[in-house]
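Given these sequences and hints, build the entire structure.
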Amino acid sequence: MLYRTAGQFKTSYAADHALFPVRQDAILLGVVLILAFVVFPLTASEFAFRALLIPVLIYALAALGLNILTGYAGQLSLGTGAFMGVGAYACYKLITLFPEMNIVVAIALSGFFSAGVGALFGLPSLRIKGFYLAIATLAAQFFLVWLFQKWDWLYNYSASGAIHVPNISMFGITVAGPRAAAITQYYFVLAIVCVVTFFAINITRGRIGRMWKAVRDMDIAAELVGINLMRAKLTAFFVSSYIVGVSGALFVFLWRGAAEANLFDIPLSFRVLFIAIIGGLGSILGNYLGAILIVALPVIISAVPAMLGLPLASATVEHLNVMIIGVLIITFLIVEPHGLARFWAVIREKLILWPFPH
Amino acid sequence: MDFLNAIFVQPFADMAAAPDFLLQVVWEGLVGGVLYALIALGFVLIYKSSRIFNFAQGIMVVFAALTLVGLTEKGVPALLALPLTLLVMLVLAVTIERAVLRPLVNQPDIILFMATIGITLFLIGFGEIIFGGENKVMITRELMIPTDSITLDLFGGFVSIEQKDLTSVIGAVLLVAALLLFLNRTKTGRAIRALGDDHQAALSVGISLSTIWVVVWFIAGVIALATGIAWGARAGVSFALEVIAYKALPVLMLGGLESVMGAIIGGLAIGILEKLFEVYWGQPLMGGNTEAWFAYVVALIVLLFRPQGLFGERIIERV
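Sequence lines, in order, name chains X and Z. Those letters in the first sequence? Residues 0 to 357, by numbering that gives the first Met the number 0. Those letters in the second sequence? Residues 0 to 318, by numbering that gives the first Met the number 0.
Hints listed in this document are in silico derivations from the structure and should not be mistaken for laboratory results. Computed from a prediction, not measured in an experiment: that's the story for all the values here. One or more of the hints may lead you astray.
Unchecked claim - DSBU-like mimics (lysine-lysine), calculated; alpha carbons at most 35 Å apart, straight line: (1) Lys92/X to Lys149/X; (2) Lys135/Z to Lys149/X; (3) Lys128/X to Lys135/Z; (4) Lys9/X to Lys212/X; (5) Lys186/Z to Lys135/Z; (6) Lys149/X to Lys128/X.
Given below as C-alpha cells:
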C-alpha cells in the first residue's frame with residue numbers, strides 16, 4: 000500500500016523510460032536529498048562532518064567507480080587505491096603548478112589522468128580474465144604506490160614525502176586546506192557526488208551500460224552479437240578510473256588534508272571493494288548503503304565500550320574493531336551475497352503488497 | 000648512450016666481474032623463492048580442490064608462527080608447542096569450513112574471495128588481541144635449527160650460506176615431496192585431485208566435500224606453519240609477514256592457479272629474478288625497493304602470452 004504502483008499509467012514511450020517509473024521512488028529520493036542538503040548540515044556537528052558525512056560520500060563515490068568496472072563490466076580490480084592516488088597526486092600537481100586554477104576544474108581534470116592510467120592498466124583485461132586479471136591489477140597497485148614514493152617531482156621534493164593541501168578558495172570562500180570549514184567542504188563534496196552519480200546512472204542505463212552488462216554476463220557471447228570487446232572493456236576502465244580518480248582527489252583535498260604514498264596502499268583498495276560488494280555489485284544505490292555501513296561501523300563500535308563504561312585500551316578496541324568487521328563481512332556475505340541493495344529491493348517488493356501477504 | 004649502457008651492458012659486466020657476489024645474490028633469491036613457492040602451494044591446493052582464491056593464506060602464515068612462538072612464551076616446551084600449533088591449525092580449518100565455507104557453497108567466486116578477506120581481517124584482530132602486535136623472535140634454537148653460517152670459497156671470493164636458510168630449503172623440499180606423495184599415492188590425495196577435476200562428478204561418486212575441504216585447509220595450515228618458521232627465522236614474527244602473501248600472487252599468475260609444479264617453479268623463478276633485478280638494475284637505476292612490483296610486472300608480461308600461466312589448465316570457453 001505504501002508503495003502502491005497502481006494507477007500510475009505510462010502513456011508514452013518516454014514516460015516508460017523515465018529515470019523513476021514509480022512515483023514513490025522519486026519522492027523517496029527527494030526526501031533523501033532534502034536530508035542531505037538541508038537537515039544534516041543544520042544538525043551535524045564538526046565531528047559528524049569529518050568522521051561520518053564527508054567520508055561516506057567520498058568512499059561511496061570511489062565504490063561507484065569500482066562498481067562500474069566490477070559490477071557492470073565484470074572486470075575484477077584490486078587497484079582502486081592506487082587509482083585514487085593518481086587522482087590525488089594529479090590534482091596536487093595541477094593546483095601547485097597553476098595556483099590560479101579553479102579547484103573544481105583541477106579535480107575534474109585530475110580524473111582524466113587517473114582514467115588514462117586506468118585504461119593503460121586495463122589493457123591486459125583483453126587477454127586475461129577472472130582472478131588472473133585481479134592479480135594483474137595488483138601490479139598497478141604496487142607499481143603506482145612505489146612510484147608515488149620514489150618520484151619526488153610528484154610531491155614537489157618535500158622532505159617528508161607527503162603532500163599537503165594548501166588553502167584554496169573559490170569565489171572568496173575557502174573550500175580546501177586547513178582553514179576551510181567542514182560545512183563548506185561537505186557541500187562541495189555533496190555537489191560533486193550528486194553530479195557524478197547523475198551521469199553514472201545515465202551511462203549505466205544507456206547503450207554503453209548495456210554493452211558493459213553484456214560483456215559481464217558472457218564476453219564471448221557479447222562479442223558474437225557484435226560488441227567490440229576492446230572498446231567495452233577499455234571504456235569501462237576509463238570511466239571507472241575517472242570516477243575513482245575524482246574521489247581520490249576529493250579524498251585528499253576535501254577530507255584528509257595531507258597524504259603519503261602508503262595511504263593509497265592495498266587496505267584502501269580492499270575497503271572500497273568491501274563497500275562495493277556489501278552494498279551490492281551492479282547497483283548504484285548499493286555504494287551509498289555500503290559506504291554508510293563501512294564508515295559508520297568503526298565509529299559506532301569504538302563508541303560502544305565508552306558508553307557501557309568498559310575500561311578497554313584504545314589498541315584493544317582497534318583490534319576488536321578489525322575482528323568484528325571481519326565477522327560482519329562474512330555474515331553479510333552469507334545472509335545476502337547480493338548486498339544491501341538487494342535487501343532494499345526485497346523490502347520494496349514487500350511494501351508494494353503490504354499489508355497483504357501475496 | 001650512457002643510459003642504454005647502464006641498462007644493457009653495465010649490469011652484466013658487474014655480474015661477470017664478481018661471480019661470487021652473483022652466486023650470493025642467486026642464493027638469497029633462491030631462499031626467498033622457496034618461501035614464495037611454499038605460500039603459492041597453499042593457494043594452489045585450496046584453489047584446486049574448491050575454486051576458492053584463498054586470500055587468508057598470508058595471515059595463516061603469521062597466525063601459525065605467532066601461535067608457535069606465543070605458546071613457547073607461555074612456557075610450553077618447543078617440541079610440544081609444535082603439535083599443539085598443528086592442533087590449532089586443524090581447529091581453524093574445521094571452524095572455517097563450518098562457519099564460512101559451508102554456508103557459502105555454490106556462491107560466485109568473488110563472494111568466496113571476499114569471505115577469505117573477511118577471515119583475514121578476523122585473524123588479524125584476533126591475533127593482535129591474543130599475541131600483541133610487537134615483533135617476536137622465532138624460536139630457532141628450541142626447534143634445533145642451526146643458526147651459524149657456512150662460507151664457501153669460490154671464484155677467488157666467498158659465498159656465505161646461513162645454515163637456517165639451508166635448513167628451510169631442505170625442509171621445504173621434504174615437505175613438497177611428502178605433499179606430492181600424499182596427493183598422488185593416497186586415497187584422500189586422489190579424492191582431492193578428483194574434486195579439482197570435476198566437482199559434480201567427484202560428489203556423485205561419494206567423495207565428501209566437507210571432509211576434503213577440512214583436509215585441504217589443514218594442509219594449507221601445515222604449509223603456513225612451515226613457511227612461518229622459515230620466514231620468521233629470517234625476519235622475526237610479526238604482522239608485517241602478511242605481505243609475503245602479496246609476493247606469492249604473481250607466482251600463482253606465472254605458474255598457473257591450478258598447478259603444483261607451476262607454483263614451485265614459478266616461486267623459484269620469481270625469487271631469483273627479483274633479487275637479480277633489484278641488485279643489478281633496481282638499486283643503481285631506480286632508487287631500490289623494486290621488489291614490491293617487479294614480480295607482478297614479470298607475471299603480467301608472461302600472462303600476455305599465456306593467459307593461463309605457464310602450467311595452468313588451458314582455458315576453454317563455450318557460449
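Check: In ascending order, which of the hints set out earlier in this document are inconsistent with the structure?
Finding: 3, 5
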